[in-house]
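J.: Listed here are the chains, written in short residue letters.
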Amino acid sequence: MALQSLDIARRSATTTPAPGARQTTEVAKLIDVSTCIGCKACQVACMEWNDLRDEVGNCVGVYDNPADLTDKTWTVMRFAEVEQGGRLEWLIRKDGCMHCADPGCLKACPAPGAIIQYANGIVDFHQENCIGCGYCVTGCPFNIPRISKEDSKAYKCSLCSDRVAVGQAPACVKTCPTGAIMFGSKEQMKEHADKRIRDLKSRGFANAGLYDPQGVGGTHVMYVLHHVDKPQLYSDLPKDPAISPLVSLWKGMAKPLASLALGAVALGSLFHYVMKGPNEVSKESEREAEKEESQ
Amino acid sequence: MQVTRRQFFKICSAGLGGSSIAMLGYSPTAALAEVRAFKLAKATETRNMCPYCSVSCGVLIYSTGDKSKNSKADIFHIEGDPDNPVSRGTLCPKGAGLLDMVKSPNRLKYPEVREPGSNEWKRISWDEAIERIAKHMKADRDANFVEKNDAGVTVNRWPTFGFLASSAAGNEAGYLGKKVLRGLGVIGIDTQARI
Amino acid sequence: MTNHWVDIKNADLVLVMGGNAAEAHPCGFKWAIEAKKDRKAKLVTVDPRFTRSAAVSDYYAPLRAGSDIAFLGGVIHYLLANDKIHHDYVKHYSNAAFLINPGFKFEDGLFSGYNAEKRNYDKATWSYQLDKDGFAMVDESLQDPNCVFQLLKKHYSRYTPELVNKVTGTPKEQFLKVCEYIADTAAPDKTMTILYALGWTQHSKGSQNIRTMAIIQTLLGNMGMAGGGINALRGHANVQGITDMCTFGANLPGYLTCPTDADPDRKTYLEKRTPKPLRPGQMNFPQNYPKWFTSLCKAWYGNAATKENDFCYDWLPKLAGAQDTLAMFDRMHQGKMNGFVCQGFNPLASVSNKKKVGDALAKLKYLVVIDPLVTDTSEFWKPHGEFNEADPAKIATEVFRLPSTLFAEQTGSYTNSGRVIQWHWKAADGPGESRDDIDIVAGLFLKLKAMYAKDGGKFPDAIMGLTWAYRQPARPSPEELLQEISGKALGDVFDPKDATKVIVPAGQQIAGFAQLRDDGSTSCGNWIYGGCWSQAGNLTARRDNSDPSGLGQTLNWGFAWPANRRIIYNRASCDLSGKPWDPKRAVLRWTGTAWGGNDIPDMRPDAAPDQNVMPFIMTPEGVARLFAPGMAEGPFPEHYEPFETPLEKNPFSPNNPKTLSNPAARVYKADMEVFGKAKDFPYVCTTYRLVEHYHFWTKHSKLNAITQPEQFVEIGEELAKEKGIANGDKVKVRSNRGFIKAVAVVTKRIPTLMIDGRKTHTVGIPIHWGFKGLTKPGFITNTLTPYVGDANSQTPEYKAFLVNIEKA
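Sequences listed follow chains A, B and C, in order.
Numbering-wise (my numbering), the first sequence opens with residue 469 and increments by one.
Numbering-wise (my numbering), the second sequence opens with residue 15 and increments by one.
Numbering-wise (my numbering), the third sequence opens with residue 2 and increments by one.
There is no bait here: all hints are sound.
Simulated crosslink set (DSS-like; lysine-lysine; CA at most 30 Å straight-line):
(1) C:Lys38 <-> A:Lys698
(2) A:Lys698 <-> C:Lys43
(3) C:Lys448 <-> B:Lys136
(4) A:Lys669 <-> C:Lys43
(5) A:Lys698 <-> C:Lys749
(6) B:Lys117 <-> A:Lys621
(7) A:Lys669 <-> C:Lys178
(8) C:Lys383 <-> B:Lys123
(9) C:Lys85 <-> C:Lys155
(10) C:Lys680 <-> C:Lys167
(11) C:Lys383 <-> C:Lys364
(12) C:Lys450 <-> B:Lys152
(13) B:Lys152 <-> C:Lys455
(14) C:Lys383 <-> B:Lys136
Distance ranges between label pairs, derived from CB positions:
(15) C:Ala515 <-> B:Ala157: 42 to 50 Å
(16) B:Thr78 <-> A:Ala710: 44 to 52 Å
(17) C:Ala451 <-> B:Asn120: 30 to 38 Å
(18) A:Gln656 <-> C:Met619: 45 to 53 Å
(19) A:Arg671 <-> C:Ala679: 39 to 47 Å
(20) C:Asp493 <-> B:Asp141: 39 to 47 Å
(21) C:Thr269 <-> B:Ala157: 25 to 33 Å
Now the stretches of chain C that chain B is said to cover, found in silico as 3 or more residues with beta-carbon under 8 Å:
(22) 325 to 333
(23) 389 to 401
(24) 548 to 558
(25) 699 to 711
(26) 770 to 782
These aren't lab readings, by the way, just hints derived from the structure by calculation.
Backbone N, C-alpha and C define an ideal beta-carbon position, used for all residues, glycine too.
Taking the hints into account, I'd like the entire structure generated from these sequences.
T.: Quick look at the structure:
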C-alpha cells in the first residue's frame, strides 16, 4: 500500500505516539562506490525530478559541481584522489542524506511535524512546518541539511518519498548508468552488498565492506566501500558517526529539566521566535557550538 | 562529555522551543505529513530516444494533457525507458537532463537573417527565408554547375556548395537530405561521423 | 560495433583504450560493469589520463597520446613471441597463410611503392600471389617467408617491450601486465571485447590504430564471438544511421561509392566495384553490388531510370577530389565555395583550427544554419569579447538561421552503435515556428524545383525527375521514407532457382536485400536497411525485449542491419566443423542441415561446413585480413608520430626524416606551416569530452551547465609545480594556432611519462565550452587543434598535438 500519513514512525517535536499496527518493509538505497563512475546522473535526475535548479557556479579546480550541498542541491558527487599502496584510486562518493534509523535531525527539530520518519525508514522534511531554526543541521552527524537563504526552510534528500510511495525507485537510483545505486528492501540491499563485497575481496580489496553505521542505528542509505576501514578516504565520510552530544543531551537530560524547571524561559523562547524570527540567534550559537565541539 | 555554557543554553532553548510549540497549540494535527503528490499519475507518456550518444537510450517523455483536442501537450519530465534492452531505464547526466534541452531558453523559435555587414539578426517568415535561400542556391548552381569535365565525361556536379548533415537527425531526414543533395548535383557533403 | 551494447556483458576481458566509455557512453558501459559483476570479468583501461573508466578498472596503464600503434604493435609482438594466439582460427579464418607478392618490402619506416612528392603509395606490390585461375595462393604450414603470418611476425618483431616503453612511456612492467591480460583470451573459450571511440580515430593514423586492434582480435580468435569483436562506440544517437545513409561526398547510401570521373559509364563503374572471389567457393558477398546500386537508382529516379538509359547513371554527380569537412573548409578558405549549410552541426566549435574555419565562413556568400539551438557557428560574425573577435562590418556573408525541432518533437528512427534501428514517437510540438528537418529540406527542394520548372536553368533533369511520390509533398512522412529506404518490388520478383515462382509480387515491400535485383524490378534506398520495413510492417518499432538465449541478443527488439543480425561474422564463433568454440556462449551452430542458433547466421544458411565457406563473407577471400592492402599508409600498421610531436625522430625509423609522422597523410601547405615545434610548445596536449556534457550542445541545458559550469584545463602535479600553477588558477594555453584561457585543475590523474629518456608532461582540455550557452562563456578549444586528418578517413588530429601553458 501507499505510504501515507498513517505510516509515520516518528514526527519531530511531537509527543503523540505513532500508530504501529501496520508493518511496512524497510527500504534502503545502496551505493556501491566501487562501480560508481561519478557521472552525476544522480545529481541531475534528482534536480530534474524534484524541480530544483541551483546556480550555474564556477570551476574551483575540482570536478565537484555544485561544490557542496545546498537547499537546491540535495546530492553531490565528492571526488577524492588518493594513493593506496602506490596505486592511484579515484574515490567518488555520492553524498546526501543517509536516512538514519535514529535520525539526529528529527530528534533535534523543535518544529512539530517538520521532520517525519516513515515506517519504511525514509526521513523526510516538511518545509511547510519548518521554522528554519537550523537545529537539524546541528543534529545531523553527516552535515546534510541546508537552510535556504530565500525561504529560511531546511532542505535535503527525500529519498524521493513521492516515488517510493507509489512503488517506484528514487530518481537517482533509476537513472544510475552503471547500477552503482540500487534500491530495494534493506534486507535485499544487504544481500546485494554481500555479493559485491565478496567480489571486491576476490579482486584484492581485503578491507571491502558495508557502511551501515550503528552509531545512528544503521542507515537507509548504505555504501559498499573498497576500504571500509578508512571511510575518511572518501571525502571525510565519518568513521563512527553519532548524533551530536547536544541532541543526546537534550533527549536524555535537558528535556525533562527544560520542560519542568524552565517553563518561564520556554514561554520567553517562544515569544522570541514569534517576535524575532527563527534564524539569527540559532545560527550564531550553532556556529559557536560547532567551533567549541571541534576544539 | 563536556557541555559549555553556551551549549547548555542552546540545548535548553532547542528543547523548549520544540516542546513549547507543541504544548501551546501548534499541535500535530495541524502538521500532517503527506508525501509530495506523484506528478506523473495522469500524464501522457511517449516513447522516444535520447539524441546524444550512440547508446541511444530509451526515454519516456511525460507531457501534460491527454492528447485531447483542447489541451496542448507540454513536456515536463523525461526519464529512462525500462523496456529498452540496452539502457534498461538508466540515463546518464546528459540524458537525465533532457528536459532542460527541450526547454532551453536558447532554442530557436523563428527564422532569422543576418544581412551582409550587419550587426544583428532580423526575424523573417519561413516563406521569405526559403525563397531567399533558394534564390541564392539557384544563382550559385546555375553559375557554377559542371556538366562535363575537360575530357568530355558527363559529371553533372555542383562544386561550390557544401552541406554538413546532422547526426542527430533521424534516418529518414538523413536519407531525404542525401537524396535531394545528389539530385541537385552536390558533392560537398559530410557529417559528424568523421569529426 | 561488430557486436552490440548488451553483448559486452559476455566478455571475459573488457579493454577500454582509445576511448573512455564510462565517460562518453555511461549507459552502455553498464554492460562492462555487468561483465565484472556476473562473469568475474576483468576491466583494463589504457589511456593518457586516469579516466572515469580507469576509476572502476581492475588495472590501469598510462601511455602518451598518439602512441597507440607502438603499444598495440608491442602486444602483437608479445602474442606471437609467446605463442598466445588461437591457432586454428588464425590458420583458417584469417589471411595468415596467404602468399604476398615477393616485391612487397618494408624498409626504414616505409612500405614499397612510396611517392614522397604525392605523399602516397603505389600499392602494386601489396598484393596476393595469384594462381592461374586468379585465386590467391596459400601456404597452410604458415612457413613461407612471403606468407602473411611470417611477414606479420617480422614486421612486429621490432616492437619490443623496451622500444614500446621508450615511445609510449608506459612502464615496462605495466605494459607486460596488460599483455598478459590480453593474451589470456587467446583460449578458444575466452573473449576480449575492445571498447574504443574517438581516442583512436582522432589521429593522423586513426584508422591504423583500429587496424592494429583488428589484427590482435583476429590473432586471438575474438571476432564473431559473443563478448568479442571490435566495438566502435560512436558519437550521436544516430551517427550510425547517418553514416549508413552515407551523407558523405564519397559515398552513396549503404556504403556504395560515388562515381568519379574515371567511371564514365555504368558498366565501368560496376565492374570496378564488383569483385571476383579470391578463393574458391567463397560467398564474396559484394558480388551483389549491381543489385544494390540499381535498386538505389530506381528509388531515386523511378520510372525515369531504365535499362536503356543506364538507370540514369549520368544523373548522379561524379566526385571531384576529397569532400570531407577539412577539404571543404580548405576550399572555402580559398574562396572556392559560395554556399554552405550547417544542419545540426557547429563547425566553428567542432572543426580544428577555429580561426581558419571562421575566416573560411567569412568568405561565403551565404550560410544557412538549420538547428534547434543558437549555435556558435551561426554567430561566427558577431563579436563576443576575446572568445570571438570578429568585425561584422567586414563580413559580407548572408547568414540564415532556421529553427528545427528536437528528438522529442519528431517521429522516426535512430540507429544505435550496435546497428539496431529503433523507432521513436513524437511527444509534443517544437517551440514557436520550428520545423522538422524533413520539412525544411523538402521545402527548400520544392521551391528550387518550382524555380527550375518556371525559369529553367542548368541540368534540371535530376531535379525534375527525382522521385517525390509523398502524399504530402511538402511534408514527407517518416513512415513513407523508411519504406522507401527499406525497399519494394516494382515488378514481380522471381525466385532465381525457379523463374516461374514469384517471391515478391509487384508493389510489396521486400523482406531483405537478398530479394533485390539489378534489372530494375526492385527499388531500395539503402540496401543494408533492406527489410527493416517489410510486408509485416515497421520492424524497427518492435518492442519485444525477450532474451531467450540470455546473451542479450533480443532479436525481436527493433531491427539490426544487416538482416537483423546482432553479431557480425558470427560464423567465426564456431570451429570448421560448425561447433561453437565456447558452447556456454553459443551464438550459432551447424545443425546438420542449416546454420541456426541465437542469431541470424552471417553465412549462407545451407552452406555445410565441409563446403569450406569462410566466415568473412564481405571479403572476396572469405577470411579476415591481417594484411590489409586497402589502407593508405601500409598493409601493416606502423607507428608514426603525431604531426606535432615532442620527438625529433621516430624511434621506429630513426634514420628516415620522412617517416617521423604519417607519410601518407594529406597536409595542406598552409597548415603544415603552422605546426608547432617542441622547443616552443613542449607539452603534449589532448582534448576530450566530459560525462556531464555532450559536445557543444548541452551547454544550452541548465541542468548540465550546473554540473560542469566553467571551462578548465587539466595538468599533472609535477607540471603545475614547475610552472607555479595552483589548483583553481587561471591559465593560458597556447598552440601555434592560437590560445585559450581557462581554470587549472591540478590532478594526480595526469601522469608525467618518460618518453625517449625525457620527462614528458600532458595537458588535457575538455572541449565543451563556447561563447553561446548557459555555461560560463569560454573559449573554443579547437582554437588550438591542428588542421590535419587521418590518411584514410580525414578525421582531424584532435587527440595529440603540442602546446605551452602559463599562468594567465
